[in-house]
Amino acid sequence: MTTAQQLKSLTEQKYRYGFVTDIEADTIPKGLSEEIIRIISRKKGEPQFMLDWRLKAYRHWLTMQEPEWANVTYHRPDYQEIVYYSAPRQKKGPSSMEEVDPELKRAFSKLGIPLEEQMRLAGVAVDAVFDSVSVATTYKAKLAEKGIIFCSFSEAVREHPALVEEHLGSVVPTTDNFFAALNSAVFSDGSFVYVPKGVRCPMELSTYFRINAKDTGQFERTLIVADEGAYVSYLEGCTAPMRDENQLHAAVVELVARDGAQIKYSTVQNWYPGDAEGKGGIYNFVTKRGVAHRKSRISWTQVETGSAVTWKYPSVILLGDDSVGEFYSVALVNNRQQADTGTKMIHIGRNSRSTIVSKGISAGRGQNTYRGLVKMQKGAVGARNHSQCDSLLIGDRCGAHTFPYIEVKNQTATVEHEATTSKISEDQLFYCRQRGLSDEDAVSMIVNGFAKQVLKELPMEFAVEAQKLLGLSLEGSVG
Amino acid sequence: MTLGGSVTPAAESLAAAFTIGPDDPAWLGDLREEAIAGLRSLGGLPTTRHEDWRYTSLTALASHRLERARPDEGDAAAALLERAGSWNGPQLVFANGRYRSDLSWAQGLPPGAVLISLGEALREVPDLVRPHLGRLARVDRHALVAANTALFDDGVLLHLPVAGAVAPPIRIVHLTSLPGRAVATFPRLLLVAGEGSLVTVVEHSISAEGGRALVAPVAEIVLAPGAEVNHYRFQEEGLETFELASLHVEQAAESRFTSHSLALGGQVARAELHARLLGERAELTASGLGMASASRITDAFVNVEHVAPRCTSTQTFKTVLDGRARGVFTGRVRVAPGAQKTSAQQSSSNLLLSDDATVDTRPQLEILADDVKCSHGGSVGQLDPTSLFYLRTRGLSEPAARSLLIYAFAAGMVELVRPEPLRARARQLVASRLPAGARLVEAA
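Protein chains in written order, with my numbering: chain F, 1 to 479; chain A, 1 to 444.
Rather than coming from a laboratory, the hints here were simulated on the basis of the structure.
Cβ coordinates follow ideal geometry from the N, Cα and C atoms, glycine included.
Any given hint could turn out to be false.
[What the hints assert, rightly or not] Computed from the model, here is a short list of chain F residues facing chain A with C-beta under 8 Å:
{"#": "1", "residue": "H160"}
{"#": "2", "residue": "D396"}
{"#": "3", "residue": "A413"}
{"#": "4", "residue": "V415"}
{"#": "5", "residue": "E416"}
Generate coordinates for the entire structure from the input sequences, incorporating the hints supplied.
Written out as structure tokens, the structure is:
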């Protein structure tokens, strides 16, 4: 086979999470109005402040325009054709694993996250969000001993309204952007984490998101608060069934790292990317941001291999002195996928530091864009940033684009940015094949080597999965 | 003619000043009409809401009613010209946008070469002008190009039709004297370099202090296969002048183009370069040094399109910023599908000397071919305290040590100026902006 053929065969691999689970769902009518928002809020038994907050967001959303600056093209979703709430129907919430719908448990096993397995072996506490509602949260008791709250967002609103009211929207205000406003109006569930002062969370916390029902959008909201000196590592994974029409995923993630706290947030995003002709797939329009107070650290790690269109900029506001922000990203696009992703590091505190490592891989007709902002405010004395953006092109019909923005208002700040673009060369492949590796293994190895700097930031279990995903997503495309 | 909508006084007054010159051929009249329509449809002068102008505000200019600069026939121009230093080669001088034959001369050109004012060219050899004027600098995309095309009074035509012609370095000086009112001038250059020809052109702009002015030069440069053109822009405008220049280049196979700009004056100094590499193995080198203090802005904007395979482009830009100055760099490289074996590099280095200075830098890559080598780098920093300490231990005063380090940062860009009289002037000007600069010049 020629190199081109090998690349081709390797990138034409099928999406393996494209099954639909037949579960009875409690769904409300399509469309968006104040009435729908009231229904969502009522169904979730929310206190008044939540309803007011949602309505405020909705009213602001009505005045906003869908953003057009991203380097992506897609059919604008019709926001009246989306079902904003869909919950797996159950008599009442499960109090233990045994009560979880077996059909649901099977779905999660297919995804490779058997809840019990993870409880026993990996020691990972899982909060699984199916369509819009959190299904089961494992390992809760053990966490409760330490005073850690890890629950679904709805539960947090019921059980810890004060904490929610204090922090909700404090990092991503309802007026932040078009999709964040939409999310604020209609979000149905998500995860909530609170780690008290000085507590080191003893295990990795994990959420799995899945869009199952047809015509639904998923609008989850994650809020993580690490109190002074606390530490937490949080993982999220995402999959969806294969469907011809595009589904919208517009999530908001807010992180608050108080003085001396550390939050490590890892994502493996594998939403359905659409077929080879670009039909179907998820629109992944996500707002993620953290506020880092004095001497705290926020670290985003993402492996993005899915979604038809990705629009995502996990950011850190380095508010406190000596705070640290990190962004490690691997974004892979294949077939007709488009990704416009990157980060914003806003340095406000003295001696704040940030690191950006972005690895973009483009194959097929994929278009991959890194867009990032590093901003040094006037008070950011001695702040430092180092950014590195590398692109790898596989095939001659894809594109890799880099749009870094650097704004510096302080002379003592140091900012460095580097970017390179390269391809998998025939020499590299030839060398690997000469050593007895198959084409696929060779490409997978080269791609993994390219992404290694990011993958090593992932917790162990995820790193293994991410490596496999990179190999899989490229299958059928190499040369 | 008026502009509709919320157009600023500056753009409004430019549109009002629009008349078609009595000597303009009909086709140029049409082009000027099209240009003024372009200015109108683009909504007047750009604002920071345009992505390309995000960091460079023209608000301070927009509120002024601008006049077309009146001809300056007096000795003021000659006095300003003194500042440009001596020059032995061919030279064309323009005062307030009008050709000054008494200060210009063109000798030593190779056979067949045409170096005349645009006004003369339109009368004598319009067929050399018509195919190219307004072709690269599009009036429907860029408000300042539109304003220039609609309102330029004169300019330069340089045509080197003979294959392999080697021309001596040519200097074009734009002088703006300020009558105490806000004036606008629109210098224009059209350069067509034939196959294998070689030429160096220096555009030197100088304006008097003490008045607001808009100087908006547009240059169009066409390189035939194997041609080599070196273009220098040497800008020492007054501190209230807005110099908003754009250079539009098209390169055929194996041609070489270098653009180097030294922006040392101006309230807002912006130098744009738009280049299309249409033939294989074309090479482009763009570089520049911007120095600004007080609340001035220095802005370099580069847009390179790699259309053909095996082309090379290099961008190297530096700024030195003091006071509340702002330094802006936007470098865009677009590699079209099929432009394989492209090699493109961008680098932007910035030195901040004060707490209030700002740097905004955007090196951008858009790559649609897979076999390419593209990289960009950007850095922002201050003077290295260790180096300062070292120089102090060697007995240098604080200002002398700082000056030496700043000069060291800028020196590479100064030395890129090849024509000798100009390089000496560049050294002197850069040094004069440093606290202990006088001693540095003596030492050099």
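So, going through the hints one by one against the coordinates:
1. H160: violated (42 Å)
2. D396: For D396 (chain F), the interface hint holds, since the closest Cβ of chain A sits about 5 Å away, which is under 8 Å.
3. A413: At about 7 Å, which falls below the 8 Å cut-off, the nearest Cβ of chain A leaves the hint on A413 (chain F) intact, so it holds.
4. V415: holds (4 Å)
5. E416: holds (5 Å)
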